[in-house]
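Chains as they are written, first to last, in the working numbering: chain V, 181 to 434; chain H, 737 to 1027; chain F, 9 to 846.
Below 25 Å or equal to it, Euclidean Cα-Cα: the simulated SDA-like pairs (lysine to any residue) are: (1) F:Lys333 - H:Ser940; (2) H:Lys978 - V:Leu434; (3) V:Lys430 - H:Lys903; (4) V:Lys430 - H:Leu927; (5) H:Lys981 - V:Ala411; (6) V:Lys329 - H:Ala900; (7) H:Lys981 - V:Ala431; (8) H:Lys891 - V:Glu343; (9) H:Lys1007 - V:Gln429; (10) F:Lys180 - H:Gly913; (11) H:Lys891 - V:Leu367; (12) H:Lys956 - V:Arg410; (13) H:Lys1007 - F:Gly271; (14) H:Lys915 - F:Arg246; (15) H:Lys981 - V:Glu345; (16) F:Lys333 - H:Trp943; (17) H:Lys981 - V:Val403; (18) H:Lys981 - V:Pro404; (19) F:Lys249 - H:Ser940; (20) F:Lys333 - V:Phe213; (21) F:Lys180 - H:Asn997; (22) H:Lys1007 - F:Asp157; (23) H:Lys956 - V:Pro368; (24) V:Lys329 - H:Ala958; (25) H:Lys981 - V:Val427; (26) V:Lys329 - H:Ala937; (27) F:Lys180 - H:Leu996; (28) H:Lys891 - V:Thr332; (29) V:Lys400 - H:Thr860; (30) V:Lys400 - H:Leu815; (31) F:Lys333 - H:Gly913; (32) F:Lys168 - V:Gly415; (33) H:Lys1007 - V:Pro422; (34) F:Lys580 - F:Pro520; (35) H:Lys915 - V:Pro368; (36) F:Lys333 - V:Arg261; (37) F:Lys722 - F:Glu738; (38) H:Lys903 - V:Ala411.
Honestly, the hints are just simulated from the structure, not real lab data.
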Amino acid sequence: MRIAVCIKRVPITGGRIVLTADARAINTQHLGFTMSPHEECGVEEAVRLIEANKGDSVVLTLGPPEAVEQLRDAMALGIDRAIHLQTDGQEWDGESTAAALLDAIRADETSNGPFDIIFFGNESADSGGFQVGLRVAYALNRPCVTGLKRVTLEGSSVRCEQEVEDGRDVYVVPLPAVLTVKEGLNLPRYPSVPGRMRARSKPVADVTPARPAPRLELVKLLVPAGQGRRAESLGSGAAAAPAVVDVFQKAGVL
Amino acid sequence: MNVLVLMEPGEPSRQALTLARKFGEPHGLPVQAVQPFAPDALAAALARAVEELDAGAVFAAGTDRGNEVMARLAARLNLPLAANCIGAAPGDPATVTRLRWGGSLLEEARLHSPRPLVTVAPHTVPADDGPQPPTIEVGSPALGDLVVRVSDHIKPTNGGISLADAKVIVSGGRGVGSKEGFAIIEELAGLLGAAVGCSRAVTSAGWRPHSDQVGQTGTKVAPEVYIACGISGATQHMAGLKGAKRILAINSDPQAPLMLNADYTVTGDLKEIVPAISAEIRRARAGRTSS
Amino acid sequence: MDNGLPRHARAVVIGCGIVGNSLAYHLTRLGWRDVVLLDKGPLPNPGGSTGHASNFIYLVDHSKEMTALTVESVRQYREMGVFIQSGGIEVARTKERMQELTRRMASAGSWGIEPVSLLTPGDVKEFVPYINEKVILGGFYTQGVGVVDSLRAGTLMRDKGQAAGALHVAPKTEVVGIDVEGGRVRRVRTTQGDIEAEVVAITCGVWSPRLARMAGTHIPLTPAVHQMIDIGPVPRFRGAKSDIEHPIVRDMDTNMYERQAGGDLEIGSYAHRPILYDPEDLPPVEQAALSPTEFPFTQADFDEQMQHALELMPEIVGDESVGVKYAINGILSLTSDGMPVLGESPDVKGLWAAAAVWVKEGPGTGKAVAEWMVHGSSEIDLHSSDIARFHEHQRTRAHVRARAAEGFNKTYGIVHPSEQWASNRDVRLAPFHARERELGAVFFEAAGWERPHWYESNGALLEEYDDQVTHRTSEWESRWWSPIINAEHLAMRERAGLFDLSAFTIFDVVGPGALASVQCAALRQMEVPVGRVVYTPVLSPNGGFKSDLTIMRLGDEHFRVVTGGAAGMSDKKWFRDQLVPGAELADLTSSMTTIGLWGPRARDILESTTSDDVSNEGFKFGTCRVIEIGTQRVLASRISYVGDLGWELYVPMEQGLMLWDTLWEAGRPHGLAACGIGVYGTTGRLEKCYRAHGNELETEYNVVEAGMAAPRVKAEDFVGKAAHLRHREEDPAAMLCTLTVDDHRSKSGEKRYMLGREPILTRDGKRIVDRHGRGSYVTSAGAGPSVGKHILMAYLTPEESVLGNQLLVEYMGERYPASVAVAGATPLFDPENTRIRA
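So here's chain V without its partners, still in its complex pose:
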């Protein structure tokens, strides 16, 4: 089978986020980068499916030249090859991101046949647009199920479990399909050293799509004001226990 997984390079934020001087991005001077957590699970799921069913797996990203690190991360986990849609680091909105990915997916499918599954994260950790996977699915005219916590192949269909308030809703859709997943779908593995080393020589195809004018146009970012909580110290160590219980009683939870 053939599986694609789309990921996004995002910074690993610490306790406090600091913006760049023009307030259009996070200041990442001190930060490392990763792929969005939901997508880590997408990669893991893709690797497991290929391990079980054999075939070809491709990871795609739209991002700056450095995003090749995240592509290599995915390949270290077992993805076979990568397609890098290179940007100059500017923000792309969901619509243009989907359009660029769509072109790359179509091009690959023209040469290699359709993907049975294309995985996306349900939403990216940073911009949280909730739309890229769905847009690609519509353009390809394939079913798309979102927010998945479990994915099971059933012949030429896939059974999907989506977490909802009172349990899980089940969808069964025919392949090929687009699935957007959430963290918790699986526990992603750590890359092994041999995996890391193999990733170095796996192919990365570069394309440089043109960035259209965004219709959802970022003007600036703001760090929201603090939540206004004024912490009251109940003391330190075990001696604070009575004060804690007092708070529980006042809150009516005891």
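Chains H and F: place on chain V using the hints.
Using the frame of chain V, we list chains H and F on its own:
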């Protein structure tokens, strides 16, 4: 001008409705109009309604379902979508303020669109007391729009208290130290009838299942009391706590972000403090029974 | 603001890493009270380098000072119960490394680290069953290697200080300013209020330069990356009961280490490109994803290292089920010479530093610096780490970065004892540098000065002295060496040699208080007639050697101190610290240059250039005065460090070239040879059994042991006097002896020549240890071309200090016979000193 609002039961949709009124005369399309839930069919219905009403904008709550249906609508209509907004103003272009990083950051953006599509982040905009909008009738969905539909439902199996609904959550972070370290957390949770939560570091380490994870990519919670034990409070975690009424933080580092964003703090070693609280609860209860 | 932070303190220690915790504790242990320990971060892990250290400790280092600090640290860690001994193996992949391991065996012997042993690949495999023994040639095993819990150690030390009521600990208290008034530190300003302080110690690791700048001074170090990954879970380590149960492996040739850490394997590297930062690059605690000193891992820099780790430990590293769980670019401190930065700032009184110290030497350093602060000197000699050692250019960011970058990949390197730096050279050039270049000088660096070590143009002398010059066949001993040195030496002994002594540090002590000031610093009597030159030890308060140098009395209130380049800056600080009111110190190093002229023909040469009386009667040994050489007025000083007739000649820097040319022209008819520092620093002085600071002369040995006690002690007070008087009463525990090697032939038949720091053993191969626990080792080694011997100096116990006593010296894994040629200070060459007094 007419605006369309995807209505779900509950507060978030009324909040979306409130914002929608700034754009025009709202008309509601209930999410239950298609049963069982079939997001494509709902999106198709919305698209038809947009045309029928010549709606100038479409709103929905930024819930999982709201975001999903709206994204499908955006794809169908080939329009941009602004998800999880906390503010929006009509204009050319329309302007929105939306959440990023699970709410740790705000984005001001321009929405260049003949029909702004907006979802409204839950509990960020107060709902007004305005009238319920007239409801749009939805015809029967086309078969092709029902490929993606709920065919079954699984009830939660554990029978325990779910994080999302829990009134009290006792949550542990990296500071708990190990899988076994959660015994004292579970003990306290048991005494309080609370759910057990944890930070992402804990699930990544494999100490707890992901279903226990509170945060941007875990569960967003809204308990009466959230007790954070040994959690530093990375933005990823704090994003899941915005609904908590009271936060008690226990940490050896008084300057940990969570300690600074809590209502109550206890400084010190959670391995001493948590059992002491459990003991104190037992003592208080014993006192109550005996007196 | 009342937040419990004291308003006054005896000492404020800034930084709660392993160093600050140790220093604060030892200060309280030595009796100081009102010590305040601050950190901007939380406790127990404030976010510095201690918090992410790999925490393992190897004991053997070629540096005596580092080894001593490490051994003392391990003693303390053991005492605190936070040390787990695991043993450690340094493995070799190359022949050159195997030879290096024999050198490490020798250093272990010199510094008393035991048990240690050389292992075959098979032996290594027995210790470390998951190693691929096929890629190694052998290993060096140190049983005492282990792992510490450095954060716990810090907590225990703080607790002790607090329990004694002598220490106040204030985490989350960031220093925003350090106030200096009248050249002395006065107070520390923090986010929690100000503290008036008598002394302030900066123990902030990578942040230290930032703090030093607040006080207007420097702590020259640079934050640098050390990459580390943690892989697991390792099936073989499942069920590991402690953090460390297997020996730690250092893969020396790839600059890497592998250690078990619980159920995981930790792999660290010093092999990647040097990645240096500025202290300003470090994020605030709350902005850091992990901690301010755990930077995002840069995978590309580690690619090659993964390959190396895989080769060495395929069973674990090649296991597909073992994942990379944690990977960081950990930040640690590097300096320009690889040594820590310790001691009182030369710029600000009362401002101390203990920085660029790693976990392995933390508590030992804390103790030593505390002793230094409280008693004025430490048990372990810290001269190589002294913050005052840096010359101006060595304190620049560019120099620190250049040398740290160059030194980084030598962390596990095979570094020759004479190895020269390649970066940031040609900083200080003698006025006759161009002449030296024309003569084919091979330059070695001292204090930034380019000094000829020998002159290739003297190659012709090799033929002339063919029968007396020893040639070396072994590559190691030929490195950074030339037989021309010996030929130059013989030419000087037979005719005369011209020496570039520009690297001397020269400072004047002047004013009404000048005599009292130099009296205070010098062991010898300084109340001498004007025109006398006095060679004198300078003692530390414990009676050991702080330095040795010469002082010229140029006037009633005018003394000129001349000392070597290496110790020059710390000597200057030492003298400045002894200044009494009415005395001032002026540094003339960069305004004077010095040329040495020695040899039997030196007088003939000098006479031909001057009308002044330079006869033995007219210009006695041990005197100095100004003479005229052509149009130049030259301060001539009749002393010698090479044991021959001659003078040191001082002129203003800009006249140096003229003086050189004058002497050179005058000398040619006499067969004058330009001679390098190889002669001045090694062959010449060793034949004369002259001691050198940093080799024979350290604070750990006293004047009596060095054989330098004068018949009488001056009545005036001086630093170290009480201790010195006591030493004169005691039987010395050791005596400095000169040995010669009896047979140089190794087992292979090749002749080998020791380079210094090798252990001296009894004839039956036992270590010689004196009653203070100090082992015998070669303090200096080198050729004695005029005596036809390879000379070694070493402190021996009195029983072994017997003329003709036959001993062994261990070198490169073999033992060579050597015998005591001089017990005491009598020169081997010209024992009657007729030459210098000719």
